[in-house]
Amino acid sequence: MSEAKEQGLLAELPGDLMMWVLIISELLVFGAGLAAFLAVRISDPAGFADAQDHLDRAAGGLNTAVLVTSGLCAALANRDGAQGQRKQARLWLAGAAALGLVFLWVKAIEYGDKLSAGIGTETHPFFTFYYLLTGFHAAHVVAGIVILGFIACYDSPRNLETGTAFWHMVDLIWVLLFPVIYLLR
Amino acid sequence: MKSIFQNRLWWCWVWLLTLSLTTTAIAYFVTRGITGPIAGAAILFLAYMKARLILARYLGLAEAPSWYRGLNLLIAIYMVLLLALYLAAGL
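Chains as they are written, first to last, in the working numbering: chain A, 1 to 185; chain B, 1 to 91.
Hints may contain errors.
[Stated by the list, open to error] Covered by chain A, per the in silico footprint, the following chain B stretches (three or more residues, Cβ under 8 Å):
#1 9 to 19
#2 22 to 29
#3 46 to 56
#4 80 to 87
[Stated by the list, open to error] Just so you have them, the derived chain B footprint on chain A, three or more residues with Cβ under 8 Å:
#5 28 to 42
#6 108 to 116
#7 123 to 132
#8 170 to 180
[What the hints assert, rightly or not] Computed Cβ-Cβ distance ranges for the label pairs, DEER-style:
#9 A:83 with B:29: 40 to 50 Å
#10 B:69 with A:40: 25 to 35 Å
#11 B:65 with A:47: 36 to 46 Å
#12 A:139 with B:69: 42 to 52 Å
#13 A:8 with B:37: 18 to 28 Å
Since the hints were made in silico from the structure, they are not lab data. Every value quoted in this text rests on a predicted model; they were computed, and no experiment measured them. From the three backbone atoms N, C-alpha and C, an ideal C-beta is built for every residue, glycine too.
Work the whole structure out from these sequences, hints included.
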């Protein structure tokens, strides 16, 4: 491939190249985790189904709606920021971050219910993966909220594009994680 | 209101919510014990469709068709792997 064509391909990519490296790396990490989850499930599908019945599927579904709506807010912030509408962009960012907090609140209620029922990481391999994967994802939501706050303060179009891309990655991971952990049985 | 629905981002959001609601409807049947390969395949297919929308519209890859096709293919292959692992548990 010629250098010019290579440059053209990279130039076509929206946003910062390093953010895409991060997005693909995170997809690989979570992808490996979800594949491992389903691979371990092969040895005990009935046990995994029983364990899954302790999850709140409605809460998971609600959180999906919350996160995709939050993603819309972030995408609109990016669009408005690129058009120089800084105040509007900040409002969308605040909306995205607020919905991120709602996601974490629902997740905290879920964890509280499990822990009060005596369900921990050692209860069953299902819950080891559940806490590991959803906990790691929740950590990304926290990081994403911090990043949204940061780009609201330093709101250059480039920062907005890069920061909101991180948020969409969090969204993307959840739409793959939720059905595998909560619904497949 | 008209301008909102002329915007592809809003349409993307409407589709994502529709797909999420459909997933929730399938989850309702899963809760009632109606499971099987078709329900599992449908759940994974809906997840794949949501991932495609997020890549295309939220992450802006619709403007970069080569990258979109490449990532789309990778995610499709990955979803087939997940489906194979899911079905292997029933053998």
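Verification of the hints:
1. 9 to 19: holds (count 6)
2. 22 to 29: holds (count 4)
3. 46 to 56: Our answer is that it holds, as 6 residues pass the Cβ test (under 8 Å) against chain A, meeting three.
4. 80 to 87: Held - the stretch 80 to 87 of chain B has 4 residues with a Cβ nearer than 8 Å to chain A, which meets the minimum of three.
5. 28 to 42: holds (count 7)
6. 108 to 116: With 0 residues in contact (Cβ-Cβ under 8 Å with chain B), the coverage given for the stretch 108 to 116 of chain A is violated.
7. 123 to 132: Three-residue rule not met by the stretch 123 to 132 of chain A, so violated; n is 0.
8. 170 to 180: n = 7 at 8 Å, threshold three: holds.
9. A:83 with B:29: 40 to 50 Å: Once the Cβ atoms are compared, 44 Å apart, the range 40 to 50 Å for residue 29 of chain B and residue 83 of chain A holds.
10. B:69 with A:40: 25 to 35 Å: holds, 33 Å
11. B:65 with A:47: 36 to 46 Å: holds, 44 Å
12. A:139 with B:69: 42 to 52 Å: violated, 31 Å
13. A:8 with B:37: 18 to 28 Å: About 43 Å separates the Cβ atoms of residue 8 of chain A and residue 37 of chain B, which means 18 to 28 Å is violated.
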